[in-house]
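Residue numbers (the working numbering), protein chains in the order written: chain A, 1 to 758; chain B, 759 to 840; chain C, 841 to 922; chain D, 923 to 1144.
Derived by calculation from the structure, the hints in this document are not laboratory data.
Just so you know, even glycine gets a beta-carbon here, dropped at the ideal spot from N, CA and C.
Honestly, I wouldn't trust all of these hints.
[Stated by the list, open to error] Below 27 Å or equal to it, Euclidean Cα-Cα: the simulated BS3-like pairs (lysine-lysine) are: (1) C:Lys-895 <-> B:Lys-793; (2) A:Lys-504 <-> A:Lys-187; (3) D:Lys-1090 <-> D:Lys-1077; (4) C:Lys-875 <-> B:Lys-796; (5) A:Lys-338 <-> B:Lys-813; (6) D:Lys-950 <-> A:Lys-338; (7) A:Lys-49 <-> A:Lys-23; (8) B:Lys-813 <-> C:Lys-895; (9) B:Lys-813 <-> C:Lys-875; (10) B:Lys-796 <-> B:Lys-813; (11) C:Lys-895 <-> B:Lys-796.
[Said to hold, decoys possible] A few chain A residues facing chain D, derived, Cβ under 7 Å: (12) Tyr-48; (13) Ser-150; (14) Arg-356; (15) Gln-438.
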Amino acid sequence: MSSPPQSLHRALGLSDDELDDIKTVLGRDPNHLELALFGVMWSEHCSYKSSRLHLRRLPTTAPHVLVGPGENAGVIDAGDGIAVAIRIESHNHPSAIEPYQGAATGVGGILRDVFTMGARPLAVMDPLFFGELTDARQRWLVEGVVSGISGYGNSVGVPTIGGELTFDDCYRSNPLVNVLCVGALPKERLVLGVASGVGNLAVLLGSRTGRDGIGGVSVLASAGFSGEDGAASIDDAKRPSVQVGDPYEEKRLIEACLELLDGGLVVGIQDLGGAGLVCATSETAARGGVGMDVDVTAVPLREPGLVPFEIMTSESQERMLAIITPENLDAVRALCDKWEVRAAVVGRVVAPLSRRDGTTQGMLRIRNGFDGEVLAEVPASALADEAPLYDRPRERPSTLDQVRADDPTFDEPVGSPNDDLLDLLVDPVWVYRQYDSQLFLNTVVGPGRDAALLRLAGPGLPSSTRGIALSTDSNPRWCALDPRNGTALTVFEGVANLACVGAKPKAVVNCLNFGNPEHPEVMWQLSESIDGMADACVALEIPVIGGNVSLYNESGGSDIDPTPVIGLLGVVDELVAPPPGWNWREGNVLVLVGAQRADGERPFPLGGSRWATKRGRRGGVVEGVDPVALLLTLDFVVAEIGSICAGAASDVTAVHDVSGGGLATALAEMVAATGVGAEVVELDGHAELFSEFPGRFVMATSDVEALEERARAAGVLTTRLGVSQGERLRVGSMIDLSVTQIASRRRDALEEALATLN
Amino acid sequence: MIVDVTLRQGIADPEGATIERALPALGFSGVSNVKAGKSFRMTIDAESESAALEKATSLAERLLSNPVIEDAAARLGERVAT
Amino acid sequence: MIVDVTLRQGIADPEGATIERALPALGFSGVSNVKAGKSFRMTIDAESESAALEKATSLAERLLSNPVIEDAAARLGERVAT
Amino acid sequence: MNRVGVVVFPGSNCEYDAAAAMNALGAKAELVWHSTTDLSGFDGVILPGGFAHGDYLRPGALARFSPVMEAVSRFAHTGGPVLGICNGFQVLAEAGLLPGALQKNIGLTFLSQPTTLVVTSNNSVLTSGAVIGQELVIPINHFVGSYTCDDETLKRVLDSGQVVLRYKENPNGSRADIAGLANERGNVVGLMPHPERAMSTLLGSADGRVLLESFVAANVAA
Ligand SMILES: Nc1ncnc2c1ncn2[C@@H]1O[C@H](COP(=O)(O)OP(=O)(O)O)[C@@H](O)[C@H]1O
Ligand SMILES: [Mg+2]
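All chains, full assembly: derive it from the sequences and hints.
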């Protein structure tokens, strides 16, 4: 074991202090291989070393939480003996380099996180962020990412039921590709990624190992892109060999793993993601408090000549590590043969070392042959859990006050509100039409509405008439102005989306996409954002059961706007009829339900709104929302819509929350969906038309007195907005547009924007 | 003119690997290293063969392939004699 | 051994047509008749070149192409010493 | 129809959905692994949607060599009702049990959307209970679903009533708007849309029932 040259640790992304820590852990100098293992495991991506300290402030417990953050996926008890697993992750950096494969392998990775828990993946969502559609490169990114998700998700057989689509120039060189997966399992099948039982075997399932993404996700996602144009400048050593996804391998892997779990053939199971085999072996061993011997020569290779460091850190896709008892090996092999899944015994669980102080320590040993030379020997927990924890300097951006003072709320509108409204209408149908959203016959509400709604059913699950609802939300413009308030409002918006399909929120997962944590402003944003999420989740009593942090989203020294993506999981207790959706009928009365104004100095704030951003106005103040009124409103809407889902008759014919683009946009979206226009009263100028603060719903009813009476009884405010009728949307003296104009503009906006870029 | 696009060395080729795995069952033995690729045939107006080749090469690299994972090469369209 | 698979004459080729349409905007003029095809490279163990070619041709016709819409032809690539 | 075999290739993914639809209509669906060589005892066979063998090479190209396909072919030749949905249609076309081939959609993207189909023939196990001219709203979910064949074949299938379903608005460039096609005898049918996804208004449409009810009502050697 020769000791490495001075600068090797830096090339592996480790600081001088980190090298000292490693020496302390080992009580000696590390060799090359050991240093490389620490390099990937202690990278930002794998160790969360800049964010962990702050993430602790999130509320994570509730009686229905079966597994909180820290495992591969969070799991809740959804009732009827069914547990639901959910997880969100980013694949931002790989997607900037090869959009198709980056996005595809993002889907593959998130599915593995979910079926690792024993859950069958039932749905995917894909929040996406690109630069403005002004050049062919953005189009290439959009088309590549969307077809990657489509190509992988459809083929692997998991429906994609929703997402987000944001265009803003802060993502020009740093597109964000987040993917969320939800799965379900019979409660008793829950498994954790734990190795236990000395003498048990670690079996590597799935694809052979190649030089894919060596130091890839982990190193890439832990350092920004240096140049102007992300992809062009990453040419050098940091460019990993791009990972290629194989949805067919993954499909067989899913079926094989679920059958292994059903047959009780595994003790523990863990996916291979960032940092590959070293991560899977050290984490399972650390969780189980045991040691593990890994034979690098037993790992099936796709190409000759890989050295142990490459084998241990390769990020080749579609691989899982199963811990099994030796007696089950034959049965495991037979089952894998049926699914044409490769299975190789690559490790053995060994007893931990006893230390002088009476404690034990599980060692990860990398060997050349099971009984061969020991190439590396490090405490598993040092790799998996003991990365340094940084409290990086935080600083409120010095320009923030100035930016906030530049408030567009009181801008005189230029041009006609008609044009402003048309400009805001975009249906991401060009995206979601490329996704199978219906597989498994569960999709009651697919993409394109407020939240997706699924029957809680699937192969092998106990029968149930419940439903689960899912929404992903983000508002980077709000968060740039006020990360704390902006993140809290994003949570509120997600909960409002769930309410529109009658679902009560049960859990939050989040993906925190931020800039370079070594910039104190970025750390301040991150910390504020986490506090905002924590405040909102505490107020609503929703536990955060998982998440992912993606840092170093910067290029050419400039950071993206803070982009926390909030994923919400809700439950509908009885789902036998579809929620009303946006389809009001001729002659309904339209009612605004909930807060009538924001909770602050500005009744209808426009800071951070889409209306203002379209005008290049990026300043202003983000007002709060009165949480008490919000809670009452949410409960009311959930009760109203929930009863429709349960099969009850109702006078409510449509519901939609007011969000991006404001009240005018919400009305126009409903007009486009139903083909029936509306006659709406005069509103308080363009601010009320386009202000986006959440907690308000447009409801349509065939019996307005009855609806108002129920709202009053629930302590919820309502105002009459007008009547659904005719072939035009008219809002006072401000808006007058035909139904067809609205519908075609909304439907075609995205496709037309893409088509102009060649 | 023909542009051949192949996966770069070391990049996983699930399609090729799947085809290869299926072959023995179909009665084809002794076939290995199956790699799936794409090809594009086109007519190019140009003054000379070398000018056409240059154009095709630029097309191959800029549009028809993604250099991060693929190699592209242009060749003249006659069938290689076998 | 290389197998080239091309669309048969008269079969619509939306991929080729789409590429062709995009070319002028990218500054490529004088390119026409763009046709998208596939190619498969493989190593074949055989006693002679002609035996290998025969095997590849049979593979091309039976598996690698769909005769309803595609033509396929096999040709020699580099020879690998065994 | 009592027992329906739903063939599962590695990579199939609509097998549970197809089985659920059959069971909902009173048949008894059983999943049949692709290595099976004997389909005796079944009253009908479904090749479900998905991506058999990853759709590598071409959809259906590898699946048609799966051992079960010889049995499917025998079953079809003795008049047994065979239904290929989406990927299943692609497999039947590759296997030569139905004429023509499926190509990438004209827009070169995957399409997942509701479509309106028009019943153009009731001379098949899938459409025997439907009315000619009847419109059905049934979703499509495919990338390779644009039907093509040579002119002669087209004329033949149109003239003989083998074209059983056509798109009202052609979404994918299929020749003659063909969405579903039968063999001459009418016992083997393939279609790109997913009738099993249109079995209940809770999920958006129940228009697929009339088709699958016809299939369940079909008899061997009809
Ligand atoms: N990338 C995407 N993939 C799939 N569905 C998407 C995507 N982007 C947006 N959608 C869907 O389009 C609809 C509108 O999205 P959005 O405007 O974000 O809704 P809301 O304002 O209610 O949060 C949602 O149903 C969403 O799931
Ligand atoms: Mg909404």
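Consistency of the hints with the structure:
1. C:Lys-895 <-> B:Lys-793: 17 Å, holds
2. A:Lys-504 <-> A:Lys-187: 20 Å, holds
3. D:Lys-1090 <-> D:Lys-1077: It holds: about 19 Å lies between the C-alpha atoms, which stays within 27 Å.
4. C:Lys-875 <-> B:Lys-796: This hinted pair holds, its Cα atoms lying about 11 Å apart.
5. A:Lys-338 <-> B:Lys-813: Since the Cα atoms of Lys-338 of chain A and Lys-813 of chain B sit roughly 50 Å apart, the hinted pair is violated (cutoff 27 Å).
6. D:Lys-950 <-> A:Lys-338: 25 Å, holds
7. A:Lys-49 <-> A:Lys-23: Since the Cα atoms of Lys-49 of chain A and Lys-23 of chain A sit roughly 18 Å apart, the hinted pair holds (cutoff 27 Å).
8. B:Lys-813 <-> C:Lys-895: Distance ~35 Å between Lys-813 of chain B and Lys-895 of chain C Cα, so the pair is violated.
9. B:Lys-813 <-> C:Lys-875: At roughly 16 Å apart (the allowed maximum being 27 Å), Lys-875 of chain C and Lys-813 of chain B satisfy the hint.
10. B:Lys-796 <-> B:Lys-813: Cα-Cα ~18 Å, so holds.
11. C:Lys-895 <-> B:Lys-796: 21 Å, holds
12. Tyr-48: 34 Å, violated
13. Ser-150: This interface hint holds because 5 Å falls under the 7 Å limit.
14. Arg-356: 53 Å, violated
15. Gln-438: This interface hint holds because 5 Å falls under the 7 Å limit.
Hint compliance for this structure: hints 5, 8, 12 and 14 are not met, and every other hint is.
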